[in-house]
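Given the coordinates of chain E, work out where chain A should sit on it, guided by the hints.
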Amino acid sequence: GQQLNQSPQSMFIQEGEDVSMNCTSSSIFNTWLWYKQDPGEGPVLLIALYKAGELTSNGRLTAQFGITRKDSFLNISASIPSDVGIYFCAGHGGTSYGKLTFGQGTILTVHP
Amino acid sequence: ETGVTQTPRHLVMGMTNKKSLKCEQHLGHNAMYWYKQSAKKPLELMFVYSLEERVENNSVPSRFSPECPNSSHLFLHLHTLQPEDSALYLCASSQVGGTSTDTQYFGPGTRLTVL
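Going down the list, the protein sequences come from chains E and A. Using our numbering, you'd call the opening residue of the first sequence number 1 and step up by one each time. Using our numbering, you'd call the opening residue of the second sequence number 113 and step up by one each time.
What the hints contain is simulated information worked out from the structure, not anything from laboratory work. No experiment lies behind these values; they were computed from the predicted model shown. Among the clues, some could well be false.
In silico EDC-like pairs for lysine to aspartate or glutamate, Cα to Cα no more than 16 Å straight-line [what the hints assert, rightly or not]:
# : chain 1 : residue 1 : chain 2 : residue 2
1 : A       : Lys152    : A       : Asp197
2 : A       : Lys152    : E       : Asp38
3 : A       : Lys130    : A       : Asp197
4 : A       : Lys152    : E       : Glu41
5 : E       : Lys51     : E       : Asp71
6 : A       : Lys148    : E       : Glu41
Label pairs and their calculated CB-CB ranges [stated by the list, open to error]:
# : chain 1 : residue 1 : chain 2 : residue 2 : range
7 : E       : Gln3      : A       : Arg166    : 21 to 29 Å
8 : A       : Glu156    : E       : Val44     : 16 to 24 Å
9 : A       : Gly140    : E       : Val44     : 14 to 22 Å
Where a beta carbon is used, it is the ideal one built from N, C-alpha and C, also for glycine.
For reference, chain E alone in the conformation it holds in the complex (with noise of 0.2 Å):
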């Protein structure tokens, strides 16, 4: 089946650094998403990938849809305490109803 590795797992970084989180497939992907994950809350979606090649953004967080379709990236600028969370990425493969891999979650932490 197919599989999604996502690193690093965890990061400490300082506030104001920026931030670089990857997720690489064993198979090819349709669609990248990359969610939010706050504690005893469900993902939010920051970021939709379609197309390879794609480079998006939403504010302070930057996306690319790799262009062998078997990876994607997420970048967030200048951190704030509040983007403490975890980070999954997902993908999708092509089936008919949208059923998506997740990767395992990065755990990002942010000291003031």
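Frame of chain E, contents of chain A only:
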């Protein structure tokens, strides 16, 4: 209400109890999903309903019983659960067949504790 809502947000139940989790989506989507999220584990897909028909059941024990009466509502009926079923249960919805087929929107989850 907007987006995806779930009730209750927190539930504590004994192993002999019967309870139900409710999910409602206000996005006009036609597919709904139940996920289980345990500590330090990836999201586990439990059930998928597409156009009100169950299209996936990921080897979930029969003590979990989903119900999708219409495209906006999804239930998860629980009975004789085990302590290892304690987890965050997440509902999600998406639009199947359009240009945004793959984008799922999640509810806030129900934190379930089985004593």
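Verification of the supplied hints:
1. Lys152(A) with Asp197(A): Distance of about 14 Å is within 16 Å: holds.
2. Lys152(A) with Asp38(E): Roughly 14 Å separates the two Cα atoms, so the pair holds.
3. Lys130(A) with Asp197(A): holds, 14 Å
4. Lys152(A) with Glu41(E): Distance ~15 Å between Lys152(A) and Glu41(E) Cα, so the pair holds.
5. Lys51(E) with Asp71(E): holds, 12 Å
6. Lys148(A) with Glu41(E): holds, 13 Å
7. Gln3(E) with Arg166(A): 21 to 29 Å: Given a distance of about 25 Å, which is inside 21 to 29 Å, the answer is holds.
8. Glu156(A) with Val44(E): 16 to 24 Å: Given range 16 to 24 Å: holds, Cβ gap about 19 Å.
9. Gly140(A) with Val44(E): 14 to 22 Å: holds, 19 Å
Checked against the numbered hints listed earlier, the structure breaks none of them; every hint is satisfied.
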